[in-house]
Amino acid sequence: MPTLMSDRSQGKLIHVAKYHPSRKKVRLLFLRRQSSNRYIWFEDTDGKEVETEVSANTVEEAVRLAHRKWKNQSFRTIICGFRYTLPERDEHGSNALFHQMVVSYSSPTGTYFDEELGHLCHVQNASQEALDLWKTTVL
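My numbering puts the first residue of the sequence shown at 6, with every later residue one more than the last.
Quick caveat, the hints were computed from the structure, so don't treat them as lab data.
Be aware that a few hints might be false.
[Unchecked claim] DSSO-like mimics (lysine-lysine), calculated; alpha carbons at most 30 Å apart, straight line: (1) 140 to 30; (2) 74 to 53; (3) 53 to 140; (4) 76 to 17; (5) 23 to 74; (6) 76 to 23; (7) 76 to 140; (8) 74 to 140; (9) 30 to 17; (10) 17 to 74; (11) 17 to 140; (12) 29 to 76; (13) 29 to 140; (14) 53 to 17; (15) 140 to 23; (16) 29 to 17; (17) 74 to 30; (18) 53 to 30; (19) 29 to 53; (20) 29 to 74; (21) 76 to 30; (22) 23 to 53; (23) 53 to 76.
Let's have the full structure, built from the sequences with the hints guiding it.
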């Protein structure tokens, strides 16, 4: 099982995805922030993270480019639930990233301060797959 957050030299883990290369088993992909405006996808290869050529300046762009690169190999991001901003708690929420799910589910109340948004946030309805991945990895 990969150690998602143990190798700090790779950068902070932002999100996780999967894809299915032809004639191979499903592989995990890790989106890591290497600097304030550089996000790179890493592929889990036999328990080691190997940098891919897919990188971007924003999370959204990195996910979009990954969809384009691996669209024929069933690329999909892990469902990490929905993030709601507090105190207004927007009605629909937005898709949560893996690191947001980890922070929220690690908090006793489920509430955390998101520095990028400048608001308190809460994540709920994460998939069992995301929770299992979080619980079985070294954080």
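Right, here's what the structure says about each hint:
1. 140 to 30: Since the Cα atoms of residue 140 and residue 30 sit roughly 22 Å apart, the hinted pair holds (cutoff 30 Å).
2. 74 to 53: The given pair, whose Cα atoms are some 21 Å apart, holds under the 30 Å limit.
3. 53 to 140: holds, 19 Å
4. 76 to 17: Holds: residue 76 and residue 17 sit about 25 Å apart, inside 30 Å.
5. 23 to 74: holds, 12 Å
6. 76 to 23: At roughly 11 Å apart (the allowed maximum being 30 Å), residue 23 and residue 76 satisfy the hint.
7. 76 to 140: Holds, because 28 Å separates the two Cα atoms, which is no more than 30 Å.
8. 74 to 140: holds, 29 Å
9. 30 to 17: Status holds; Cα separation ~26 Å.
10. 17 to 74: holds, 22 Å
11. 17 to 140: holds, 17 Å
12. 29 to 76: holds, 16 Å
13. 29 to 140: holds, 25 Å
14. 53 to 17: Distance of about 16 Å is within 30 Å: holds.
15. 140 to 23: holds, 17 Å
16. 29 to 17: The hint holds at about 28 Å.
17. 74 to 30: holds, 18 Å
18. 53 to 30: Roughly 15 Å separates the two Cα atoms, so the pair holds.
19. 29 to 53: holds, 17 Å
20. 29 to 74: holds, 17 Å
21. 76 to 30: holds, 16 Å
22. 23 to 53: holds, 15 Å
23. 53 to 76: holds, 23 Å
When held up to the earlier numbered hints, the structure conflicts with none and fits them all.
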